[in-house]
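So the chains spell out like this:
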Amino acid sequence: MGWLFILSLIVALALVYKPLGDYMHRVYAGTKHNGVERVTYRLLGVRPDTEQRWGAYARSLLAFSIISIFFVYALQRVQDELWLSLGFAPVPDHIAWNTAVSFVTNTNWQAYSGENTMGHLTQMAALAVQNFVSAAVGMAVAIALVRGFARRGSDTIGNFWVDLVRGTLRILLPIAFVGALVLVAGGVVQNFVGPHEITTLTGNVQNVTGGPVASQEVIKELGTNGGGFYNTNSAHPYENPTAWTNWFEIFLILLIPVTLTRTFGRMVGQLRQGYAILAVMGVIAVASIVLTNVFELAGNATVPQAVGAAMEGKDVRFGVANSATFAAATTLTSTGAVNSFHDSYTPFGGMMTLFNMMLGEVAPGGVGAGLYGMLVLAVITVFVAGLMVGRTPEYLGKKIGAREIKLASLYFLVTPVLVLIGTAVAMGNEAGLAAMLNSGPHGFSEILYAFTSASNNNGSAFGGVTVNTPWYDVALGMCMVLGRFLPIIFVLALAGSLAKQTPVPESAGTLPTHRPQFVGLVVGVTIVLVALTFLPALALGPIAEGLF
Amino acid sequence: MAAFDPQQMIKSLPDAFKKLNPATLWRNPVMLIVEIGAVFTTVLAVLEPNFFSWAIVVWLWLTVLFANLAEAVAEGRGKAQAATLRATKRDTTAVKVSGEVVSATELKQGDEVVVVAGEIIPGDGDVIEGIASVDESAITGESAPVIRESGGDRSAVTGGTKVLSDRIVVRITQKPGESFIDRMIALVEGANRQKTPNEIALNILLAALTIIFLVATVTMQPMAIWAKGANPGIPDSLALTGDGVSGIVLVSLLVCLIPTTIGALLSAIGIAGMDRLVQRNVLAMSGRAVEAAGDVSTLLLDKTGTITLGNRQAAEFLPVAGVGEQELAEAAQLSSLADETPEGRSIVVFAKERYGLRERDVHDAEWVPFTAQTRMSGVNVGGREVRKGAATAVMKWVRDNGGHPTEQVGAIVDAISGSGGTPLVVAQKDQVLGVVHLKDTVKPGMRERFDEMRRMGIRTVMITGDNPLTAKAIADEAGVDDFLAEATPEDKLALIKREQEGGRLVAMTGDGTNDAPALAQSDVGVAMNTGTSAAKEAGNMVDLDSNPTKLIEIVEIGKQLLITRGALTTFSIANDIAKYFAIIPAMFAAVYPGLDALNVMRLDSPQSAILSAVVFNAIVIVALIPLALRGVKYRPSSASKLLSRNLLVYGLGGIVAPFIGIKLIDLLISGIV
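Chains as they are written, first to last, in the UniProt record's numbering: chain A, 1 to 548; chain B, 1 to 673.
Every clue listed holds true.
Lysine-lysine pairs mimicking DSBU-like chemistry, simulated, CA-CA at most 30 Å apart: (1) A:Lys-500 / B:Lys-497; (2) A:Lys-406 / B:Lys-19; (3) A:Lys-500 / B:Lys-195.
Hint data in this document are derived by calculation from the structure and do not stem from the laboratory.
Between the sequences and the hints, there should be enough to build the whole structure, so can you do that?
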């Protein structure tokens, strides 16, 4: 069953790859604006036909994101005064900050319990809106970088507001609308009902909350956000009722990150370059999914061996294989939605979810973020490999000189530095250690996971750490902000310097970047660089736990 | 070229020690970190002395020293050459035209000096009066004297060379202290060596990797302290105590992980690359130019002298109907006996080789020399009047003598022109005898070179003043990709600009003053040493042998330079995998015994594992010095094939080699530590 599940996903993605990829290309390359867009631009006071240099593009993006953070924060703080609050109090300041940052950065780390903290209005107007626009921001950055490769001798890399509005209105909204209906058909709830008191079979009293779940669930996956309406996320039957909605949610997670490679190929005028990037993502993703499945099904740990299967923390609706696949998909992208408890995974299975995020979430990664992350890795690979063919390295005709490699290196540095310093500070600090609920290597893995998830804007949690303390809310919030916007600034600067160049024509002396040789090389460089960076930390966590 | 001499290592040792000065080392951030680590561990070893600590300290210092040694050895070779050059730069005096005698160092631009046979030319300049034979062996190493004369493209003279005959007046063109020899000395010494663009970029990547490993190592400390604290029953080990990983081990890990191999050899590779050019008698004015040579995608090659032997030579005698080949050959030979032009000589030689006609002495002959007006030459002897020359001129002469050349002559002439040759019509009085086919001969082996270029992705363009028809024929025969016929200096410049607008890098050679703008515009402009000083100023390389074919070698050297850097970078990073497998279990297996499974090399003890990794890391630098200086073997082939080969050798090799090396060192030292 597990294999069929994975195979059918691949087939479904293959079917939509071409039409959706080409459609997104038309969306971003088009010059016409529709009525709704024109009104939006007028309200925003932007001139949609003016292009921006990378600096202006970055300033617009940062301004938009900062305003978004303030808005989400404020709404949480005054939710009790507004409609549909369900009687919930204002969210405490440190949690409100953490949540605001978390949703604006497309992380969706949740330091709160969804259905017990947020009113319907906060869920819809603050959180769900950010699920759309933070995803559109990621896509905009990716498209801007691709423009950098595609353009010759250009000072500008597009217009942020146009990219943002089009990504939201023409790509995310229509797919989300259809997807929500499919989810509703599958049994996901969509209403404005408050908490219901229910007496369970065992006689306990339980509070069950309804709400606009389907509309939020669909964008949670489609925008690789991951912030669940409910605390238990996609393990909650109202969010993810059946095995086939589970399949559909994974499909939504992978949909845009995968098909963006086609858009990339179209924009640079060489489809095969898009296929090569897709192949790199595919090789890493399939290897990771298979390994996670293998580790979970083998159940190499004390408890699973005693009870016969690694079923702890997994829902019987999904079983081991489908849970493992979901776990791999959610960490390979920047989604962070979960349908099982990653903390309960076998040491090596849990390590795979960690390692997926440490790769920088590039296979296929978050919407947009995956593509630009992978392109930066391709640039680094081209630099080392390109020297070995005896030429100044070039990728898609653009030379990778000092400025380009500086920006690519800075991009690559950000998340490892945040993860390692964050974890180290937590391990050497009272406030950090006090939140630990477990000891031994597993306890350490939980902290490492929290900082890895926040810095890479994933948002999933291992659990086992009391993270809704002021210290963790601030520390992880900083990781989320820096882990999101520093790389974006470097990527946009890279786009700017690439766009200026006149491409070098291809010849037999050019390193071909569409062949299996290059695909293998990018996979190798990515895995080796990440492994070398994190091996000491992994050795003290999951590896020490797994090699007992 | 003597690739590598162990003697040089010993000779360079003092310089290697001098380079330990942090003020010199800061240019190399990777090695600076190693030095800081070495100082730090030395302090630790002094405070808490034991054999292991001191062994690590010694090998860390050796690591820095080996890196300095690599650079010192590379520089040493240039220094030897500079010393030879300096020896030729003796104090000379100069006699100005006014008769005033001054020291050569006081000469200014525009001064005019007189140099007579036996004197040293006091500075770089142009001959403005006279002609002389000059011995330039001091800079070219070539002992045969060359002719320098006023006007034309052979007017440039170099300071320090010796006039062998006659008297010339030279107008000085150099600024004081900036003579060609001065620049040459500075270049081979690497005195003001600038980092090249690729080197800067690579340094940035290495710095980034260093930062990552620095962070990975430093942040490990609180994690290690916590892990130790969480397992209270376990006794302290040399590597790990309640205070965390010992400073010695932490520094060892850091030094092993940061890319020391490439960091140590990077500048040596660059210096050696310049040096390889000097060995081939090419002076690059900047390292940037050498690097650009590797990127060149279009080569502009002058037809004459580069692709062809330079002189048109007789290749065929084509008689008209009714005339025998032998008869035509005899007439052609007769008309050329006194003709000293290369074409004329070739007719005599061809007649002898093919038709067995010996040279003979002709008495009472009246030689008719070639003039631009008549455009033919010949001889009047014993009543015979024989002429050879341009088709139109000779045919007019025949008609003037009352003859009627047949249409066949025109047909033969057109056929020869069409094939790229030059027709030379031979006639006697009122009868055309036939046509000599003069052909530009392509140098042997050129087609293979151009095929090679094509495989490397380089387009070759032949530049010629010939008409398009002739140009095409030669281009086809030589196998170049394209040609520019009837080329003027402006055409050449326009072609270069056009190629560059398309993103291509262009290399060319030139020697004339009219080549200067194109040389300046091209990315790699190689001026011939025989050329004018304007050409030498405009180009960014000078070929002392004045051999235009060398452009191809220059491109290969540029590529080899980049490949060597890339290969050693890959090797350096790939090495880290094995080092982790040595050091991580050595640090943590005491706390988490399961981690001993990572000790795949089965190293003897934690101490010997760590020391082996550090020793391997240092030794590999010395072991690779010869490779860095010689450069990675370069075989012209497509980028894909090159990459596969280098990945196999330096990527896979870089992963495997340290596993073997560290294990061997461990076997050697396990008894001692």
